[in-house]
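The listed protein sequences correspond, in order, to chains R and X.
According to the numbering used here, the first sequence is numbered sequentially starting from 1.
According to the numbering used here, the second sequence is numbered sequentially starting from 1.
Note that these hints are calculated values from the structure, not bench results.
Hints may be right or wrong, so weigh each one.
What the hints assert, rightly or not - Derived lysine-lysine pairs resembling DSSO-like cross-links, with alpha carbons at most 27 Å apart:
1) K98(R) with K178(R)
2) K325(X) with K23(R)
3) K200(X) with K23(R)
4) K325(X) with K7(R)
5) K200(X) with K8(R)
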Amino acid sequence: MPKPVVKKEYPLTVRVYLIEIIKGLGLTWKHFVKNIRYSFRKGPHTVPTTWQYPEDRRPISPNFRGAHMLMLNDRGQELCVGCGMCARTCPAKCITVKRGKPAEGEEDRYAGKTCCEDFTIDMLRCIFCGFCEEACPKGAIVLGQGHELAEYTMEACIYDKARLLANYEAARAAGTLKPKPKKVPVDAPPPKAAAAKKSAAKAAPAARKAAKDANGAGKEAKSPEGDKK
Amino acid sequence: MEDWIIDLIKVVFIWVWCLLIAVVMTWVERRASAMMQDRLGPNRAGPFGLLQPLADGIKLFTKEEIIPEKAKSILYVLGPALFALPAFSAYAVVPFGDKIVLGGKEIILQVADVNIGFLYVLAIGSMGVYGMVVGGWASNNKYSILGGLRATAQLISYEVPLGLALLAVVLLYGTFSLREMVFQQSGTFLGFLPNWGFFKQPLGFILFLVAAYAEASRVPFDLPEAESELVNGYHTEYGGMKLGLYLFGEYVNLGTLSAIIVTIYFGGWQLPYVDMSAFLGPVAYGIASFLVFFLKQAFFLFLFVWVRWTVPRFRYDQLMGLGWKSLIPLCLVNFFITALLVQLTV
Numbered sequence: 001m002p003k004p005v006v007k008k009e010y011p012l013t014v015r016v017y018l019i020e021i022i023k024g025l026g027l028t029w030k031h032f033v034k035n036i037r038y039s040f041r042k043g044p045h046t047v048p049t050t051w052q053y054p055e056d057r058r059p060i061s062p063n064f065r066g067a068h069m070l071m072l073n074d075r076g077q078e079l080c081v082g083c084g085m086c087a088r089t090c091p092a093k094c095i096t097v098k099r100g101k102p103a104e105g106e107e108d109r110y111a112g113k114t115c116c117e118d119f120t121i122d123m124l125r126c127i128f129c130g131f132c133e134e135a136c137p138k139g140a141i142v143l144g145q146g147h148e149l150a151e152y153t154m155e156a157c158i159y160d161k162a163r164l165l166a167n168y169e170a171a172r173a174a175g176t177l178k179p180k181p182k183k184v185p186v187d188a189p190p191p192k193a194a195a196a197k198k199s200a201a202k203a204a205p206a207a208r209k210a211a212k213d214a215n216g217a218g219k220e221a222k223s224p225e226g227d228k229k
Numbered sequence: 001m002e003d004w005i006i007d008l009i010k011v012v013f014i015w016v017w018c019l020l021i022a023v024v025m026t027w028v029e030r031r032a033s034a035m036m037q038d039r040l041g042p043n044r045a046g047p048f049g050l051l052q053p054l055a056d057g058i059k060l061f062t063k064e065e066i067i068p069e070k071a072k073s074i075l076y077v078l079g080p081a082l083f084a085l086p087a088f089s090a091y092a093v094v095p096f097g098d099k100i101v102l103g104g105k106e107i108i109l110q111v112a113d114v115n116i117g118f119l120y121v122l123a124i125g126s127m128g129v130y131g132m133v134v135g136g137w138a139s140n141n142k143y144s145i146l147g148g149l150r151a152t153a154q155l156i157s158y159e160v161p162l163g164l165a166l167l168a169v170v171l172l173y174g175t176f177s178l179r180e181m182v183f184q185q186s187g188t189f190l191g192f193l194p195n196w197g198f199f200k201q202p203l204g205f206i207l208f209l210v211a212a213y214a215e216a217s218r219v220p221f222d223l224p225e226a227e228s229e230l231v232n233g234y235h236t237e238y239g240g241m242k243l244g245l246y247l248f249g250e251y252v253n254l255g256t257l258s259a260i261i262v263t264i265y266f267g268g269w270q271l272p273y274v275d276m277s278a279f280l281g282p283v284a285y286g287i288a289s290f291l292v293f294f295l296k297q298a299f300f301l302f303l304f305v306w307v308r309w310t311v312p313r314f315r316y317d318q319l320m321g322l323g324w325k326s327l328i329p330l331c332l333v334n335f336f337i338t339a340l341l342v343q344l345t346v
């Protein structure tokens, strides 16, 4: 059964409408005065409801997914090993990676045994999902905070390796690198396995450390908490 | 100096002054509305965006002049002129200041002190509707003609309360000359209030104000040009400077209506309680009276903007109901009370 329509009876003061208009005028006046006062405020972002874009820039979350960059480790070595996991997982198929070996005498420039000779991202196709970042075993590709990506030509939107490395340098200079992900605590190995490895128990911490170094050479230096664990 | 030169200077001055008010009003409307709605408004052209009207003007002037194929071209071009011209000419009888003495000659600050200036204002004020109707008709567009029709019906309905509210004022002052009305508003009323028409005719003032908003087809009575329902009504088909003239005419109209409100209800150029001519030199007094008049006018101009961004548009039947069922009876009541009081006191 539909709700019966009840005609609301308004008191005379409301029906005259004039008083209500004056109340409304009071409300708009309040906003007017407030905003006039704000607009004389110095500094950026004067009116609280509006960001005047080229002058005022909103702070960007560290988790923002913007323009990509190729990371270097603390020793300035390229992390990417050219495995192509990012290209494989990319839903927009915008990444092309060519794997290569570092040239003679240039092994120091790369963290891994292999490297990427070529790394191209077609920013016109990229959907900024961040899957490449998740897929990367070395943490080499990261989506940064760059979001002003307009260019005059389509060719300029295809980022090559030099540009991606330059993105990293720019982000480091601006201090907008992503914070290091927190270490997820790994469960202790089951007791049986521990017993089997009893003999090696003494050397275990050292071994584990060595293994980690070999495994994720690219990973940034361990945080103090990590060491304690 | 010859008299006609002085008159010419006054005419040109008032013409330019009207234009200036209209130009600044476009800026005020946009910035003030923004401030009321927690926005910023145009603030890029010049300091505080003050050059925005200039930019708009350049844009409107340099636009291509388009006359729709099916439009009646003569009437189509005539429409904006018919709308803007009465708006300007109504200002001719408004006393925008007392008098100024320049070179030993006393100049009254009014283009023409017509003894029936009051009737002139009413007559010219209702001419503006021709611009809307002609524009709407000539555009040959359904929205435009609807806008024109609405304008006709609305202005005819609101002409009556407007006239009736003003008739009470005529009873009060016993004159048709706007200048004479201002003179009669000097001094105090009941010993402590300024002797303004507003305090003698509070109801009449409110009725006149409402009717004036409808007359200027401003929000909440902007039905002829309702953007959301009629796609700007009678100026749907207009562009370039022809549209500019319509928009300009509207602001000039507001300026004129504000000037008339000030003249009739708020003592014209006079300050309450203070007689400026007593302590100011003849030149300074002329300028001061002009400024006082302008300040009062500016308040009502701002009120037009202020109300526009506060009150939503009326429905068409509400508009008609308000006009015929509330305003006209109230006007008559006001008229009879005024007549009675005038009869008793004189």
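Tell me if the straight-line CA distance from K98(R) to K178(R) falls inside 27 Å. holds (26 Å)
CA of K325(X) to CA of K23(R), is that 27 Å or under? It holds: about 24 Å lies between the C-alpha atoms, which stays within 27 Å.
Given pair status - K23(R), K200(X), alpha carbons within 27 Å: holds (24 Å)
Given the hint that K325(X) pairs with K7(R), test it: the Cα-Cα distance must not exceed 27 Å. holds (21 Å)
Holds or violated: are the alpha carbons of K200(X) and K8(R) at most 27 Å from each other? violated (36 Å)
Comparing the model with each earlier hint shows a violation of hint 5 alone; every other hint is respected.
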